[in-house]
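For chain G, the structure is supplied; the task is to place chain V on it using the hints.
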Amino acid sequence: MIPLDYYLILSALLFTFGVIGVVIRRNVIIVFMSIELMLNSVNLTLVGYSAYLGDPTGQMLVFFVIAVAAAEAAVGLGIVIALFRLRRTVNVDEINILKW
Amino acid sequence: MDFVDIIFVVFALIVVVSAFIVVFSRSIIRSAFSLLFTFFGVAGLYVLLNADFLAVTQVLIYVGGILILILFGVMLTTNVVSVEIKTGTLQTVPAAVIVAVLSGTIAGIFWFTEWHTAPAREGPTTKALGTLFMTDYLLPFEIASILLLVALIGAAMIARHERGTEGGR
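The listed protein sequences correspond, in order, to chains G and V. Going by numbering that gives the first Met the number 0, the first sequence opens with residue 0, and the numbers climb by one from there. Going by numbering that gives the first Met the number 0, the second sequence opens with residue 0, and the numbers climb by one from there.
Nothing false has been slipped in among the hints.
Derived SDA-like pairs: lysine to any residue, alpha-carbon spacing no greater than 25 Å straight-line:
| id | chain 1 | residue 1 | chain 2 | residue 2 |
| --- | --- | --- | --- | --- |
| 1 | V | K126 | V | L47 |
| 2 | G | K98 | G | V22 |
| 3 | V | K126 | G | V64 |
| 4 | V | K126 | V | V55 |
| 5 | V | K126 | G | L52 |
| 6 | G | K98 | G | F83 |
| 7 | G | K98 | V | M156 |
| 8 | V | K126 | V | S144 |
| 9 | G | K98 | V | T91 |
| 10 | V | K126 | V | P139 |
| 11 | G | K98 | V | R159 |
| 12 | V | K126 | G | T56 |
| 13 | G | K98 | G | A81 |
| 14 | V | K126 | G | A69 |
| 15 | G | K98 | V | A154 |
Partner residues are not named here, just some residues of chain G that face chain V (Cβ under 10 Å, in silico):
| id | residue |
| --- | --- |
| 16 | Y5 |
| 17 | I8 |
| 18 | N26 |
| 19 | T56 |
| 20 | M59 |
| 21 | G75 |
| 22 | I80 |
Keep in mind that the hints were calculated from the coordinates and are not lab data. In this text the structure is predicted, and so the values were computed from the model without any measurement. For every residue, glycine included, the Cβ atom is placed at its ideal position computed from N, Cα and C.
If we strip away everything but chain G, and leave its shape as in the complex, we get:
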């Protein structure tokens, strides 16, 4: 069986890619995708622990993470579409209408 460390390192790598995407990209939809990458990496960690401890509780947590991620994606993309209709842009550094 593959050591647990390999799964953990893989999910750390995936999380890092997500962070890079959030930090350096300007398109808000790419930022969304990067957030999904980070959520997936955390899910992978939880499932890894769950499998190697023989305890299904970790998988329960993953279900709730997935549910919240689905809600987040729906509301977030709704906001993006409304913003695009208003401002004609999806670049995060041009969206500053909450700034006073």
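Below, chain V alone, put in the same frame as chain G:
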């Protein structure tokens, strides 16, 4: 190196390469489709980890739901061939430093900690998960369903065409 190791390496490569493309590709549509392979790769890793029901859920919800939603977002907000994006001068060096420190810390913790492990449990997980959903996790389960309903209504409200008109496009 036996069969399981090879499968793990293949799925890990799929996940890493496609995640790289998601983050660094210049075409947003390519990012979106590359995300598909990331999700499938993670689902494959779930199967390797004996989480069969979760793997199917991953494919159904992430690939069938969230990815389609993202694709709709892409197509409603960008002309697909646009070549913009990438920060240019926007603080690439501090970002690189922070990300390197962060990933080093996480990977170091993961690698140097002695994780306590138990013998793996074989067989399907669906029954155990269903039992947990209906006993210990019943309240979070109901709260999650209410959250999904609220998100559904909220997303429809926010993305509606105009505030005054009924049933806008």
